[in-house]
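Colleague: For chain A, the structure is supplied; the task is to place chain B on it using the hints.
For reference, the chains in residue letters:
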Amino acid sequence: MFGEILEGFRKALELIVLGDPAVVQITLRSIYISGTATLLSVLWSLPLGITIGLRGFPGKNFVKSIFNALIGVPTVALGLILYLLLSTSQGPLGFLHLLYSPLAIMLGQALLITPIMVSFIASAVEAVDPQIIDLAKTLGASELEASVAVLRESTEGVLLAIVAGFNRAIAELGIALMLGGNIVGWTRVLTTTIALESNKADLTLAIALSMILLLIVFSLSVFVNLIQRRKK
Amino acid sequence: MTFVNTINITKRHEATTALDDVNLKIEEGEIFSIIGPNGAGKTTLLKILACIDKPTKGELYLDGVKVDDRNRSRFREKVTMVFQRNVLLSTSVYNNIAYGLKLRKCSKKEMSERIKNVLQLVRLEGYEKRPASRLSGGEKQRVSLARALVLDTELLLLDEPTANLDPENVSIIEEAVTHVNHELNTTVVMSTHNMFQAKRITGKAALLLRGKITEVGTVNELFRSPSERLAAFARLENVFSGTSEILEEGTSLVDIGNGLRVEASIKKLGKTQILVRPEDIILSRKPLSSSARNVFKGKIVGITDLGPTVKLRVDVGKEFATQITKRSFKEMGLNVDSDVFLTFKASSVHAV
Numbered sequence: 001m002f003g004e005i006l007e008g009f010r011k012a013l014e015l016i017v018l019g020d021p022a023v024v025q026i027t028l029r030s031i032y033i034s035g036t037a038t039l040l041s042v043l044w045s046l047p048l049g050i051t052i053g054l055r056g057f058p059g060k061n062f063v064k065s066i067f068n069a070l071i072g073v074p075t076v077a078l079g080l081i082l083y084l085l086l087s088t089s090q091g092p093l094g095f096l097h098l099l100y101s102p103l104a105i106m107l108g109q110a111l112l113i114t115p116i117m118v119s120f121i122a123s124a125v126e127a128v129d130p131q132i133i134d135l136a137k138t139l140g141a142s143e144l145e146a147s148v149a150v151l152r153e154s155t156e157g158v159l160l161a162i163v164a165g166f167n168r169a170i171a172e173l174g175i176a177l178m179l180g181g182n183i184v185g186w187t188r189v190l191t192t193t194i195a196l197e198s199n200k201a202d203l204t205l206a207i208a209l210s211m212i213l214l215l216i217v218f219s220l221s222v223f224v225n226l227i228q229r230r231k232k
Numbered sequence: 233m234t235f236v237n238t239i240n241i242t243k244r245h246e247a248t249t250a251l252d253d254v255n256l257k258i259e260e261g262e263i264f265s266i267i268g269p270n271g272a273g274k275t276t277l278l279k280i281l282a283c284i285d286k287p288t289k290g291e292l293y294l295d296g297v298k299v300d301d302r303n304r305s306r307f308r309e310k311v312t313m314v315f316q317r318n319v320l321l322s323t324s325v326y327n328n329i330a331y332g333l334k335l336r337k338c339s340k341k342e343m344s345e346r347i348k349n350v351l352q353l354v355r356l357e358g359y360e361k362r363p364a365s366r367l368s369g370g371e372k373q374r375v376s377l378a379r380a381l382v383l384d385t386e387l388l389l390l391d392e393p394t395a396n397l398d399p400e401n402v403s404i405i406e407e408a409v410t411h412v413n414h415e416l417n418t419t420v421v422m423s424t425h426n427m428f429q430a431k432r433i434t435g436k437a438a439l440l441l442r443g444k445i446t447e448v449g450t451v452n453e454l455f456r457s458p459s460e461r462l463a464a465f466a467r468l469e470n471v472f473s474g475t476s477e478i479l480e481e482g483t484s485l486v487d488i489g490n491g492l493r494v495e496a497s498i499k500k501l502g503k504t505q506i507l508v509r510p511e512d513i514i515l516s517r518k519p520l521s522s523s524a525r526n527v528f529k530g531k532i533v534g535i536t537d538l539g540p541t542v543k544l545r546v547d548v549g550k551e552f553a554t555q556i557t558k559r560s561f562k563e564m565g566l567n568v569d570s571d572v573f574l575t576f577k578a579s580s581v582h583a584v
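Sequence order for the protein chains is A and B.
Under my numbering, the final residue of the first sequence carries the number 232; numbering is consecutive throughout.
Under my numbering, the final residue of the second sequence carries the number 584; numbering is consecutive throughout.
The shape of chain A in the complex, shown without the other chains (with noise of 0.2 angstroms):
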């Protein structure tokens, strides 16, 4: 069994270095779907984690208890939620069509990420040094610049929580299972594969897929680190 899985590894580095068209083709679809979510995501968590950050308002730490308590929602529950509204046959949003479709994936994990984003983003604002407000209208700032202000500060705390908001949407599974179905050439991600090949037993595509998926991670991670290091 060992040695099975060390010649699977050899296999993997091997479609890896060589570029294997399979291998290429999924990862990259994995990277366009994950990053349409996180984009479709930022759309709305920016504007609302800010205001969360930014504003004082009667219920804001039951707001973001909400959010934080979302965070750890589970993949395949939201996916079986969104898979009941748009299934064809008895979905109220069947008619959309777009269950087994890519923008079905985007749509869930872009949902999915969003507590996590919303969290990070106002964590992100609320750390800015409140003076800075102050500070930017003593040198003549008007309302609305003193928030970008704010925001400015907050630049490496935001992208942080896009950095996480893009890894938890590419490492997630449920969704991409439930409404993307697994389909070759189509809605076939880097989880699907893995989970799929291994149950076939070819651990060599398992794997190989597994390897780009901990390099996309890390290499993410380590470059938000460097970039809240060069900010020092």
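None of these hints come from the bench; they were simulated from the model.
Heads up, some of the hints might be wrong.
If you only want the chain A side, here are some residues facing chain B, beta carbon under 10 angstroms, derived [what the hints assert, rightly or not]:
1) Arg-29
2) Ile-133
3) Ala-136
4) Ala-149
5) Glu-156
6) Leu-159
Beta carbons are placed, not taken as given, at the ideal position from N, Cα and C, and that holds for glycine.
Modeller: This is chain B only, laid out in the frame that chain A set:
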């Protein structure tokens, strides 16, 4: 011409009253001090003058125009404020100073010219590219000041600009402020709890106690006959009452009680009040042989850490306050109960 005019300005934060019916007139081109203890409302008053906070009641006129909700943000272009705790943007020194100029749509060329000049004024030439977060406390405060000065506003507000800074940084900041006041006729309002600073660089001062202005006048007037309140709250230290006799040499010997006789280069007979600045007292482990006329032996009874400096209370029969750098403090291995000598010149003794 009156540049700042506050009429019955009152500020309440829920149950507490931070400012209570403050009426002040500050003339164009003058340096005005607001003296008061911590929590007196100095910062609140400055923030209202800076147009970043508004009074609960009362009116503020700047340059003859009433400040209201509609024009408050426009007035921010005429006024700027330096906070007591320096707040820097996490970017380079250059970008920090450029921030206000960018908001004013200043051209690139003019910007770099002005930044170069202002850095020279606060003696930070060549610091443009340094990350602001890596500067020392004094340098950070000078960047904060430069960032305000570069805007060349008509009114400059300084909230305890030199609190907890060492003498070198203090004099650089005081010089820069005096310079813009003289050269550009900038009106300056500065809060301080240091009476000597007020005297060094300002013309007029007001005493603010628990939100109320209790005294206003020229610094010399206030200084000549400091009321008990002023002496207490302006943290005038080493003020002693005694009886003075004139010596043959033309100096005076003041008996301040408990067997302490202080020689002073003043000519005064009878009851008098004298003052010795903590900074003018030399502290040593052994008696110094020097020209200084006053040497007293005593014990340290109190130590307060002020960051770069340490304030010591020494009992020599009467309690004297002295201030030394932390480095000297460590090198001399001082502690409560250490035996020390205090030395100061007759010319360091002032009559108040």
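Colleague: Hint by hint, note whether the structure agrees.
Modeller: Consistency of the hints with the structure:
no.: 1; hint: Arg-29; result: violated (38 angstroms)
no.: 2; hint: Ile-133; result: holds (9 angstroms)
no.: 3; hint: Ala-136; result: holds (7 angstroms)
no.: 4; hint: Ala-149; result: holds (7 angstroms)
no.: 5; hint: Glu-156; result: holds (9 angstroms)
no.: 6; hint: Leu-159; result: violated (14 angstroms)
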